[in-house]
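Visitor: Listed below are the residues making up each chain.
There are 2 protein chains.
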Amino acid sequence: MNAATQAVGLGLARLETREKVLGRAQYIADLARPGMLHGAILGSPHAHARILGYDTAAARALPGVACVLTGDDLGDHRMGAFIKDEPPIAKGKARYVGEPVAVVAAEDEATARQAARLIEVRYEELPAVLSPEDGIAPDAPLVHEDLASYFKVFPAVCGGNVASETTIAEGDVEAALAAADIVVEGEYATAPQAHVAIEPCGALAEVDAGGRVTLWSANQSVFRVQANVCESLGLPMGRLRCLTPRVGGGFGNKMEAHVQPLVVALALATGRPVKLILNREEDFEIVRARHPFKVRMRTGARRDGTLVARDTEVLLDCGAYGDDSPGVLGYALLMSRGPYRIAHACAHGRLVYTNKLRFGAFRGFGNPQIAFAGETQIDRIAERLGMDPLDLRARNALRDGDRWFGGGEVLSNGLAQCIEGARAASGWTARRGAPNGLGAACAAHISGLLATGAIVRVLEDGSIVLNTGAVDIGQGSDTALAQICAEALKVPVERVSVASPDTDGSPYNWGTTASRVTYTTGRAVVAAAREVERKLREHAGEMLECSADDLELRWGGRIGLKGVPDKEISFLHVSLRAHWAAGGPIVGTNTLVFDRASVDPKRAVVTGLPFPRIGVFSFACTVADVAVDDVTGKAAVREAWSAVDVGKAINPGAVEGQMEGAFVQGMGFALTEEMVWDGGRLANPTLADYKVPTTLDSPHGIHTVIVEAPEPDGPFGAKGVGEIGIVTVPAAIANGIAAATGARLDRLPMTPERVLDAMTGGGDAS
Amino acid sequence: MNAATQAVGLGLARLETREKVLGRAQYIADLARPGMLHGAILGSPHAHARILGYDTAAARALPGVACVLTGDDLGDHRMGAFIKDEPPIAKGKARYVGEPVAVVAAEDEATARQAARLIEVRYEELPAVLSPEDGIAPDAPLVHEDLASYFKVFPAVCGGNVASETTIAEGDVEAALAAADIVVEGEYATAPQAHVAIEPCGALAEVDAGGRVTLWSANQSVFRVQANVCESLGLPMGRLRCLTPRVGGGFGNKMEAHVQPLVVALALATGRPVKLILNREEDFEIVRARHPFKVRMRTGARRDGTLVARDTEVLLDCGAYGDDSPGVLGYALLMSRGPYRIAHACAHGRLVYTNKLRFGAFRGFGNPQIAFAGETQIDRIAERLGMDPLDLRARNALRDGDRWFGGGEVLSNGLAQCIEGARAASGWTARRGAPNGLGAACAAHISGLLATGAIVRVLEDGSIVLNTGAVDIGQGSDTALAQICAEALKVPVERVSVASPDTDGSPYNWGTTASRVTYTTGRAVVAAAREVERKLREHAGEMLECSADDLELRWGGRIGLKGVPDKEISFLHVSLRAHWAAGGPIVGTNTLVFDRASVDPKRAVVTGLPFPRIGVFSFACTVADVAVDDVTGKAAVREAWSAVDVGKAINPGAVEGQMEGAFVQGMGFALTEEMVWDGGRLANPTLADYKVPTTLDSPHGIHTVIVEAPEPDGPFGAKGVGEIGIVTVPAAIANGIAAATGARLDRLPMTPERVLDAMTGGGDAS
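In order, the protein sequences belong to chains A and B. Once you know that position 112 of the first sequence is 695 in the working numbering, the rest is easy, because the numbers rise by one and skip nothing. Once you know that position 563 of the second sequence is 1146 in the working numbering, the rest is easy, because the numbers rise by one and skip nothing.
There's no promise every hint is true.
Each pair may be met inside one copy or between any two copies, as identical chains are not told apart.
Said to hold, decoys possible - Only pairs whose alpha carbons sit at most 20 Å apart, straight line, appear in this in silico EDC-like list of lysine to aspartate or glutamate:
{"#": "1", "residue 1": "LYS667", "residue 2": "ASP1044"}
{"#": "2", "residue 1": "LYS674", "residue 2": "GLU703"}
{"#": "3", "residue 1": "LYS1118", "residue 2": "ASP1178"}
{"#": "4", "residue 1": "LYS1150", "residue 2": "GLU1121"}
{"#": "5", "residue 1": "LYS1217", "residue 2": "GLU1336"}
{"#": "6", "residue 1": "LYS1145", "residue 2": "ASP1133"}
{"#": "7", "residue 1": "LYS603", "residue 2": "ASP791"}
Please keep in mind that the hints were generated in silico from the structure rather than gathered at the bench.
Work out the full structure: start from the sequences and follow the hints.
Guide: Structure follows, in structure tokens:
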């Protein structure tokens, strides 16, 4: 976007590469405090059961046990991002297998785990709700009898087992479908996917003698953790300080709290530091996972390929607690029309409590599930009309000035370039046709919401410290933000140090989620840097005896008189003077509150949507070349091309890393990953039984095409890239399988059995 | 000052009382990091010597030694608050006995100390400068040959061994002295006093794999430590994060760096954490101490008791490095006229490098030394005129509208009330006359300078976190600032949590020094809280559908409509809404830069003064009842009364604590404490040989009279109280000895030998 950039646009190794390569990065597992205890959890063996009583005597009697807590030991407090429905330890009822019903702190982990096994809990088993369909049956048992009385952050449409119900409607979809030349329809099902971050969830809490708690944890937001823990324990937020060590991946499951309330409760009860890290099985069973979706969709088109209508109906499994789920439902509906001009669209969905672990945020936030339905329907229309699927997408793509579903503005849009970029890079036209299984899909995704801050400090010696409160979960945001800060102040990146998030000292940052850090935090960084620049110029103006307006920043940390190359002064001298004349470092601060409306009430009728303000869009077009073994039915991606519009690639290497990682994670979602419940118990909570693709399963080439349609108010034009790359993948692979075999699958994952079934005409329409 | 205050004015136990009582407070000695090494120092055996070379082989060969560093291993960097003259390890020359010439890091402290002893350093001894008089002799050896080329933060008058020369003059002092009815004159000498904080100096540094350093240390300012360490090692400041554990007293010697550069250098060299804590002997020998003063003073008065002129000449021993000393000189001169109207005054002083440890800031900052001269002269005038010494002081006390010496404004002045308060409390009139030795003295002292910030955050649940960057060194500033914040927001003090200082996350705060935290940081807290109030009212106005201007804060964390008791809303509800509507907590920030001029060029001629902006004054009048044993000459304070004008006592219990502690420390300075050099070597660096008064030496009653003459812009009227209490003590005791015995002493400490000498006519005028 700007040929003069010198820090932004550089493909830099991450700032923390050295400590990671040397094995010196400190994760939660590496931390210890003097006198530290270790925690363990006793999980419920039942999916739904009333808790009649506890016998903790044997556990307490075990040598080395410091403390046993059950739900009876904690007050009546509940947490939740949208609905306050979740106690830190099951209280009165257990609502899923594995839900903590008691926790133990002991001198070592083995003793803690042994003690947890010695706790006797008396249950009365209750009928369980194991699917959303069961949950909305008229006589269904209630997962939350007191739902009506729970505090809701947004006005919610809910009742019975329905935690949230949302509708978005534009135009007259039934009339438009009736008038369409062709209509495709289908029912789709996607599987629950586990996050499987390389680092399981864990936390360490320490209480000082004044009762204030310091909490280190694997997390995506020190601020959300602070709010969650405090509301779930009835602790004033000012009494809890949240910090973060390095984090080994998040993907959404470390955004809201996991075990943090448990370690804080144990630390408060014992007065000693307590650490608890989940083993892999527990991490599978009790953290959170991607929502399984049931989707019914109809899309209508004219014979010339113009899309005219889409109707979407979704049913989401919420699991036992609300967590981020009302947001996932609402966001999936907002995305259901895809990045296309479709004049008439309607989407309606329900989120239903069941007796499973709480589902929650996972890279894509409902968009990959809904895009699987939408983008396979686009391909079916192309097939019916005999059109090239990329041509059909290009023809209907949103153009400049078009609005998003619901009426929100779209200020930058590189979709057409993504389609042409993927087409060219993949050699689409030449390569199409069996035996090659070339499939494509398009999508858009947002770049953040809510609030974020930045503080930029120029210290006495001219070096710069950036503090944003954003947790780098391994994706490289610290590096990108340092680049943005360096670019704004025209200094080398190494001049900028990045402070670690700290609820006591960092500006508020909602979290590392929703593809938001580069765009929203980056904007705050630029604004804070501009304030620093203004102050630097004012001081320099007094020193150089000229107007601040006539001064400019020059690369390398200098301020000079415009048009006079020799007249300049370094940051060091300006900041030394500022330090003594103005009594401290030069500081710029900014708080960005995202305020672009996602809905225009003049265009759409909306109920129950908890996202009033989102709306900066990244775009993608993905092509996958899929080979299908016609004996086993096993589908494998040979090669992939992902074209993404990121506005501006702040760190192109990191952008490519995001795209490659997202492709492989999407491929797992498409082909192999599925959490399977046997009754109420998760049957495959191990890496042996739950198949995450490895490098060996990855295509030999994942080619990234970076498109830069600059967002007008983005930092140097940038938009988010954390999630967009996964959204298109299942649909592109499904379309590739269809291209290779003629078989259309409507259920994820597309396992060899299901592919073979579809190839032999069995199908498995849900 | 304000009958409605509910948080300010309460005598609260300090917030951290519980952790201290339980022994759980964490000081630097309590901290450890995995893989931590221990440091030790090899000090110079010579007061002044050229370093010809090192042999470190034996030290390096000792098992367990990780690193040995000498001045040759570090670059040519120097630190200093006013003059950049001090290398972190002696380089080329050693300038005082004990100065670090090499440092070692080893697996344990014993090994490190053994290794330090194994280092061979070849020296060429040089003639040493052991007194300021020697230093200004024409043929004196130079302590710093390169003084002219050193960087000076302020334009300094210096040269030879003179580090700084300062003059302040108002009126025509010689003419006024010539016209006076009586003139008293004298020469005074005060001894070097050691700080003897209960916690010796220490630090712990850890380097992450990216090269960024975290430094915990016993300090009075994380920001000054950051600047000192970085300039002395050539490290960019953005690469160093400074934190503070609890601090066991400072009194000035922990304001600038002590061993912090050494541990950072060792940590950078080894890549491992390094901790170094001085033993008591090292803490005496190499940190810093109160400057010994030589003072010549003349004071002239008219027969009616009107003071008309004062001329002051001082000579300060700087020690080997500049540190805060140019400030101490300048400040002592500004204080030399005392809190009186004296139309003609002149003060001139020189600060002279010697081959002793660097002297530096110590509670009172030169004022107790100069007040010893000035306030004993006031008593001599009263004696000569046959006036009551308190009457003489009251007659000449500064009044409303009067200016300070140099021309600075004095906006609040409770001196007259202090005099009357002390008079009444001590029963002065009835008690005067032998055998009672009733002595009095008055003084004023400033309340801070330079810059300070505050951030007040109202979290989602309405609890409040205050972050100021001010280090509580044990005096209770965290509690006072929490009270100020609570008062400004009308919430209970326990609702406010205080964040620990952190250069990454705290607003800039110059330091806990110059009696500045309550006044300057307190002002910033009030201003930040006012911003919070404004935002709370704006949100509440929208919620209650009324104008923000019609709303008021109500005690307990509520906002209500003026005149309508029932219409109100809690902080919790407002901040929850703010969190979602505005996307984050309600935050108020403020940076206060002290800007009241200390000098009015129309009134005074000033050269070399590095304090352009100070000028909020606390006042005191102290009365001591001294008993002198006429056989041994031992003076003991039987009882004392200290009346202080603190503007407003935020925490009266803490104010009393400051006054009592200051009295006892001043009594040690007056009667027993003296660092004695034998040639260049400190002869009494132990608590056995250096006599600090204990509880048993203290008078059975130290009575505090709190006077509140509110400072117009102070937080709820408050001014500083950290230092004022010590300033008057030596003079009050000296005046008490004179009242009891007729003997006038002009040298501190007033040991039994010196008292006996003076009683028997020997005198010891220096």
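Visitor: If you check each hint against the structure, which ones fail?
Guide: Of the numbered hints given earlier, the structure breaks none, since each of them holds.
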